[in-house]
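Enquirer: The residues making up each chain are set out below.
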Amino acid sequence: MIGGQGSTLALWWRRSPGEDDLAAVEAAASSGPRPAVFLQGEAVDWVADPVGLTAAGRASADWQVCIGSWRRRHPDCPDEPVPPPFRASTLTRWLDHICPAGPVDASTELLFDVGRAPRDGRDRIETLEPILAAASLDRDVTVLVHGDGRAHLDGPGAEAWDQLTDFDLAELCVVHAPSAGWSGRGTGVEPETAARLRREAFRLVTL
Amino acid sequence: MNDAAEMTVDGRRIALDSDGYLVDASDWNEAVGRALAESSGTTLDENHWWLIRFIRDHHQRYGMPPLMRVVIRAMREQTGEHDASSRTLYRLFPDGPIREACRLGGLPRPESCI
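Chains as they are written, first to last, in our numbering: chain A, -19 to 187; chain B, 2 to 115.
Just so you know, the hints here were simulated from the structure itself, not pulled from any lab data. Note that the structure is a prediction, hence the values are computed from the model and not measured. Any given hint could turn out to be false.
Unchecked claim - A few chain A residues that face chain B, going by a derived Cβ cut-off under 10 Å, partial list only: (1) Arg51; (2) Pro55; (3) His77; (4) Cys79; (5) Ala115; (6) Phe147.
The beta-carbon is built from N, C-alpha and C at its ideal position, and this holds for glycine as well.
All chains, full assembly: derive it from the sequences and hints.
Expert: This is how it looks when you write it as structure tokens:
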């Protein structure tokens, strides 16, 4: 996932990077300011053995690691330091970095797009956490859940998503076919509305 | 705290992890919460207890501790602290109100970085 903040490239990785991802970082660094890369969720598995990261690649970016995802992977030693060239960071700090400083001229400031089913319990929570982090910064947050992503709203752990609506932390929209309706968590929206929300959002984050 | 430890409350031995969290959440009751607080030099007043109970209830309902903004809004609505803010909570537990309330409330150490 790639976003820009001013003239500095900001990349948010939630899966281990491939050759193309790493090459994109080096290319960005060679043609502009050193990009910031934030690793969260499964991508943090890569930090312990950063396959494909060259000496030039290590120096080419500000490599930040979500400390929550890191601790979750080191339950017996949660204070285990993040190895260089990576440094510990937090979701709130990262979201503050990629969000605009002031009010935005858009109907939705931050739209989180959730279209993928959780791989496991850890992935479930690590999909919700960025949304909660944005809400903790009092950002205007909308969540658009669709397709396989609707599995997040059902089964063990799904009750955590109720925080969004119970405490007005975010608008939770669930895309359904025009003929089907929606009776689960959140507010049902038709695909046309979903397309408009994506179009009008100031920043779209795919989780 | 660096090493795993234990404490005795009402004649029961309670195992703690290296950060002072209960090893077995079912060991918790209010006497244990009070003893944990006293061992770190804190005497719990009614606001401390409101926060601990609120966080335990939230954890039971949602499976995780609440955001600070949720606690502040609830505190304004449910207690006499109508001007409650994050400062109010940090006065209760200067080292981190949510984290410390989890520890004293017998909940797991929060993993999240939020």
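Enquirer: Against each hint, give a clear statement of whether it holds in the structure.
Expert: Right, here's what the structure says about each hint:
For arginine 51 of chain A, the interface hint holds, the least distance from its beta-carbon to any beta-carbon of chain B being 5 Å, beneath 10 Å. The beta carbon of proline 55 of chain A comes within 8 Å of a beta carbon in chain B, closer than 10 Å, and the hint placing it at the interface holds. At a threshold of 10 Å, the smallest CB-CB gap from histidine 77 of chain A to chain B is about 14 Å, leaving the interface hint violated. The criterion of a C-beta within 10 Å of any C-beta in chain B is not met by cysteine 79 of chain A, whose closest approach is roughly 15 Å, and the hint is violated.
Interface hint status for alanine 115 of chain A: upheld, as the beta-carbon distance to the closest one in chain B is roughly 6 Å, under 10 Å. Checking phenylalanine 147 of chain A against chain B: minimum C-beta separation of about 5 Å stays under 10 Å; hint holds.
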